[in-house]
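Chains R and G, in that order, are what the protein sequence lines are.
Residue 345 in my numbering sits at position 345 of the first sequence; the count goes up by one each step and never skips.
Residue 1258 in my numbering sits at position 258 of the second sequence; the count goes up by one each step and never skips.
Since the hints were made in silico from the structure, they are not lab data.
None of the values given here were measured: they were computed from a predicted structure.
A virtual CB, placed ideally from N, CA and C, is assigned to each residue, including glycine.
Please note that a few of the clues may not be correct.
Claimed, not checked - The following label-pair restraints were derived from C-beta to C-beta distances:
# : chain 1 : residue 1 : chain 2 : residue 2 : range
1 : R       : 64        : G       : 1128      : 39 to 47 angstroms
2 : R       : 64        : G       : 1063      : 30 to 38 angstroms
3 : R       : 64        : G       : 1180      : 48 to 56 angstroms
What the hints assert, rightly or not - Cβ-to-Cβ under 8 angstroms is the rule here; a few derived chain R residues that face chain G:
#  : residue
4  : 87
5  : 105
6  : 129
7  : 130
8  : 141
9  : 143
10 : 144
11 : 150
12 : 170
13 : 179
14 : 269
15 : 271
16 : 310
To be verified - A few chain R residues that face chain G, going by a derived Cβ cut-off under 8 angstroms, partial list only:
#  : residue
17 : 61
18 : 88
19 : 103
20 : 106
21 : 140
22 : 147
23 : 151
24 : 178
25 : 333
26 : 469
27 : 473
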Amino acid sequence: MTARALLLLLPLVACGGDDKAAPEAGGADGSADGAGDDGADTGGDSAAPAPDCPPAPLPVEQAYLPNFTGAEDFAFDPEGYLVSIDQLGNLVGIKRDGSSRLILPGASTFGAGTRFHPNGELLFNAADRGELVAVDPATGGSRVVLGGLEYPNGLEVDAEGFAYVAEQISGRVRRVDPDTGDFSFVARGLYNPNGLSFTADEETLYIGSFGGGTVWSVSRTADGGWTTPAVFGESPESPGVPPNLCLDAAPGTSCPLFGAGIGACAVDELGDARCLPALDEGACGGLAEGDACTTTLLGQTFAQRCTLSDAGALFCPAIDAALTEACKRVDMGGTCRVGVEEGFCYPSFEGVLGCYLSSTFTEGYTRDCVDRAEGDACVVYDALYPTLGVCQPGAEYGLPGLACLPEYGLGEHGGLDGVAADVCGNVYVTEYVLGEIWRFPPTGGAAERVVTLDSEWIPNLHWGNGVGGWERDRLYVMDRANFGVFELFVGVEGR
Amino acid sequence: MGQSGGGCGSGRRSAARAALLGLTVGCGGAGEAEPKDSAPAGDAGATADGGAGADSGWAAEGDPATVALHGACPLDRRWGGFVVDVGPRYSAVTGAVADGVVPVTVLRPGPHEGDCQMLLRENPSCDPPCAPDQACDFDGSCLPYPRNQDLGPVSIRGLSGPVSMDPVPPGTTYFDSAVPHPAVEGDALVQLDTAGGAYPAVRLHGVGPEPLVSDTLAWVVGEGDLPLRWAPPTGLGRSRVEARLMVDQHGLSPYTLVCSFEDDGEAAVPAGLLRSLLGAGVSGFPSGTLRRRTDDQAALPGGGCVDLSVSTTQLATVEVDGHTPCDSPDDCPPGQICNIPLETCQ
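Next up, chain R with everything else stripped away, as it sits in the complex:
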C-alpha cells in the first residue's frame, strides 16, 4: 500500500444501519479464501458446486464481437440480448447474431450503470438527468426511482433487490430501495467512486475510484450497516487517492477541489468534513453587479467587480482583474492579450472568463516551493486554477527545482471504471482510456494485467449469463470506441 493509500483511509466514513431491515447474511460462510459459497448466482437452496478456481492463465485469450452500442454499461437478459443504451439514447437489446430489439426509445442521452433487478426490471442510471430509472423490459414502462443523484455512474444490485449507486461527484455510494426510492448511505467521502461489484456472497462491496486507481471494499455489519471503506488495492501506476485536507481543518479553510480549483472546508448536513465550492458572496453584500469589490484567496488580494454566478448570486471573483478585462469582449477559447503576450480565454475555477497566459505556467507551479523542502504543502498559483499541492522535484514535469504539484489524478492511469468480482474472489477492473484489464487477488493488494485491449474506451465488464452464447465463464467488455464487445476467456464464472 502506498503512502497515499494510507492517507486515504483517514477521510472515509463508515455508515451505520439504515431504516430497512438488515439484510440477511445469506451465503456468507466465512471462508478464508473469500470465495463464499456461490449461492447468490444460482439462487438454489441446495449446496452449489465449488467454484472452479483458479482462472485461466494470463494474458487470457480474447475475441471481438462487432456491432453493438458502445454504451457505458450493459446487462444480459434472459432471452440472450445484451441490453444497453445506444448512442441515440434508446434502450435496445442486441443478440450475438445481430438481431435486435428496441425496448425503450428515449431512455437517456447519457445512460450509465445498467443492471437487472431480481424481479426482472432493468435499472439504469440516467447520468444526464441525475436519475436512477426502472424499466419493465416487457412493456417498456419506466419510472424514476430516485432523482437528484450527482453523476450516478456505477450500479450494482443485490439478491434482495436493493440497488447500489455510486455518485462520482459527491463521493458517495447509496443503497436504494427501487420500490420506494428510499435510500441510505453505504459509504461517503470517497474520491470519484464509480464501478461497483459485490463478492459472490454479497457480504462485501467493491468500489472503484475513477482517477484514484483505487478499489475499496466495504462489508456488511451485523447491525445492517457497513464497515469503513478500506483500500483493497490500487492499479499499477495509479496516482492514488488524494488526502482529505478538511478532516482537521477549521470551516472556511481553503482546500483543493480536485480538478476544479479551490474551495472551502465545510461540514455538510450529513456531518462529513468536505471541501465545497465557495464563492465570496460576502464581499458583494449590498452591492450591484459591476460594482468594485475586493476578495482574498490563498494570501492574495484581488480588486475585482461583483459578478453574477451561475446560481444567480453576486460574488467577488478571485482572479487578477487584468485577466478578466482582457476577455471582456471575447468568447471562451478566443484570443486575448495582456501586455504584449497573447493567450486564450478560459473559464476560471469560479466560472469567470480569464486570459490564460502560458508564460505564467512555470512561475505558478514553482513560486511557492522556492523556500520550501520536498514534501512540504504548498500553493499552486495558477491564475485560473489555483490549487494546493506538495513540493516535489519539478524536473520530471519540465519545471526547474521543486514544483508544487497537486495530488489528484484525472488522467489516464487510475481511471478505473468497471469492477467485477468472480466466484473465486478475484476482482477485475477496467482502466478506461488505457484499455487495460487488471485483476486483484481475493486478498487484494497488487493487481496483475489480465489483458490489454485494443481500445481507448473500455467502460464496464460483465460475465455472461449462460444464455444466447453469452458464456458464464467469459468476461464481456464494452468497447465504446468501436461499438463492439470484447469477449475474454477468463475460465471462471462471475458471482
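Please build the complex by placing chain G on the supplied structure of chain R, with the hints as guidance.
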C-alpha cells in the same frame, strides 16, 4: 440568431438561456395548446383500436410545404415532447410530458459563433440530498419532482404505419418500439394529436426528413474548422441539419457543441468553438451525431411547452487531433510540458 431573450423566460438566467435557445428554436410562434375538435380535453380513455385519430386513415391533412413549424421548446420551458427518429438501424417514436422542468436538463449557454453554440450541463448539488419525490435545483434547494402527465391517447399520422399510443405506466411515457423502419418518408407531412388529458389537446406537425447521406462522418477535431458535407434535400427542404459534438468528462460538467445549419449540403463547425470544447477537457469519450430534423412546439397551460421533433440521425466517429491529454510529463512530446489543470500538453 432567431428570436432571443424577452418572453422566453423570466429573470437573468432565463433570459440568457432563452437567448441561447433562439439559436436553434426560437421561443415564439405557437399559441396555447389548441383544443382539438374531435377529442375533447379530459378524455383520456384509450380505445381498443388505438385511441385518438384512429378513425380516418393515417395520412395527415395539410400541405407539408407550408405547414407552420415553430421550432423546439426552449430548455427552461420544455416540459416534454415527442420524437420520431429514423436511425441507422431502426426507427423510434417516443414522448413524455411532465408538469415542470427537471433543473439538470437546462443547459447553460456558453460561447457561440455563427450557427453553433456551446452548452454546459451543470450538476446541481443539494445538501442534504433530496427525497425520492424531489429534484435538486441549481440553488441547492429541492423541488417537487416533475411528474409525467397523462395526455390521453396520442396519435401520429403520416408515418409509415399507424401509430397510436397510450401512456405506459408507471412513468406515463409514450412510445412505439415497433414502428416500421424507416418510420417516415421524405417530405411526408407528420401530424401528432393528443386527445387531451392533464392538458388540453395539442396538435403538432413535422415534415419527414429525406435520408441523410454524408461522406464526412469521421470527424477529426484539430486546429481548423470542422468541415461537414451532406447531400442536400431534393424536395421541400423544410429541415435543418444539426451537428452535435460532445466530450463526456466523466463526472465533470461536460460541454456539448450544438450547431443548427441550413440544410444546404455543407457547413463548418468553427475552429474557435472546437478549441473551446477541447479546452474544457477531453478526459472522456467523444461522440457526434448529424441529424436532419424539423421541430414544432405548442404552449401548455402554466407556462410549459411541448414539442415534436421529426428527424433522421447518423452517428459520427470523433477523433481529437493535435491535442495530447496528459497527467504527467511522460505523456507529452519533447519540448512540451503538461498543463496539469487543463490536462493538455502545451
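**Prompt:** Quick one, is the residue 178 of chain R hint okay against chain G at 8 angstroms, beta carbons?
**Reply:** Nearest chain G Cβ about 10 angstroms off; hint violated.
**Prompt:** Does the hinted range 48 to 56 angstroms hold for residue 64 of chain R and residue 1180 of chain G at CB?
**Reply:** This hint is violated: roughly 32 angstroms between Cβ atoms.
**Asked** Any CB of chain G closer than 8 angstroms to the CB of residue 61 of chain R?
**Response** The hint is violated - residue 61 of chain R has no Cβ within 8 angstroms of chain G, the shortest such distance being about 27 angstroms.
**Request:** For the range 30 to 38 angstroms, tell me whether the beta carbons of residue 64 of chain R and residue 1063 of chain G fit it or not.
**Result:** For residue 64 of chain R and residue 1063 of chain G the Cβ distance comes to about 50 angstroms; the hint is violated.
**Prompt:** Taking the closest Cβ pair, is residue 140 of chain R under 8 angstroms from chain G?
**Reply:** Since chain G brings a Cβ to about 6 angstroms from residue 140 of chain R, closer than 8 angstroms, the hint holds.
**Prompt:** Any CB of chain G closer than 8 angstroms to the CB of residue 473 of chain R?
**Reply:** 29 angstroms, violated
**Request:** Return the status of the interface hint for residue 143 of chain R: holds when the least beta-carbon distance to chain G is below 8 angstroms, violated otherwise.
**Result:** With a closest approach of 4 angstroms, the residue 143 of chain R hint holds.
**Message:** Using the nearest Cβ pair, does residue 144 of chain R come within less than 8 angstroms of chain G?
**Reply:** 7 angstroms, holds
**Request:** Closer than 8 angstroms between Cβ atoms is the bar; does residue 271 of chain R clear it against chain G? Give me holds or violated.
**Result:** Because about 10 angstroms separates residue 271 of chain R from the closest Cβ in chain G, which is outside the 8 angstroms limit, the hint is violated.
**Message:** Holds or violated: the hint that residue 310 of chain R contacts chain G, with Cβ atoms closer than 8 angstroms.
**Reply:** 6 angstroms, holds
**Asked** Would the stated hint for residue 87 of chain R survive a check requiring a Cβ distance to chain G of less than 8 angstroms?
**Response** 5 angstroms, holds
**Prompt:** Does the nearest C-beta of chain G fall within a distance shorter than 8 angstroms of the C-beta of residue 129 of chain R?
**Reply:** 6 angstroms, holds
Checked against the numbered hints above, the structure breaks hints 2, 3, 13, 15, 17, 24, 26, 27 and satisfies the rest.
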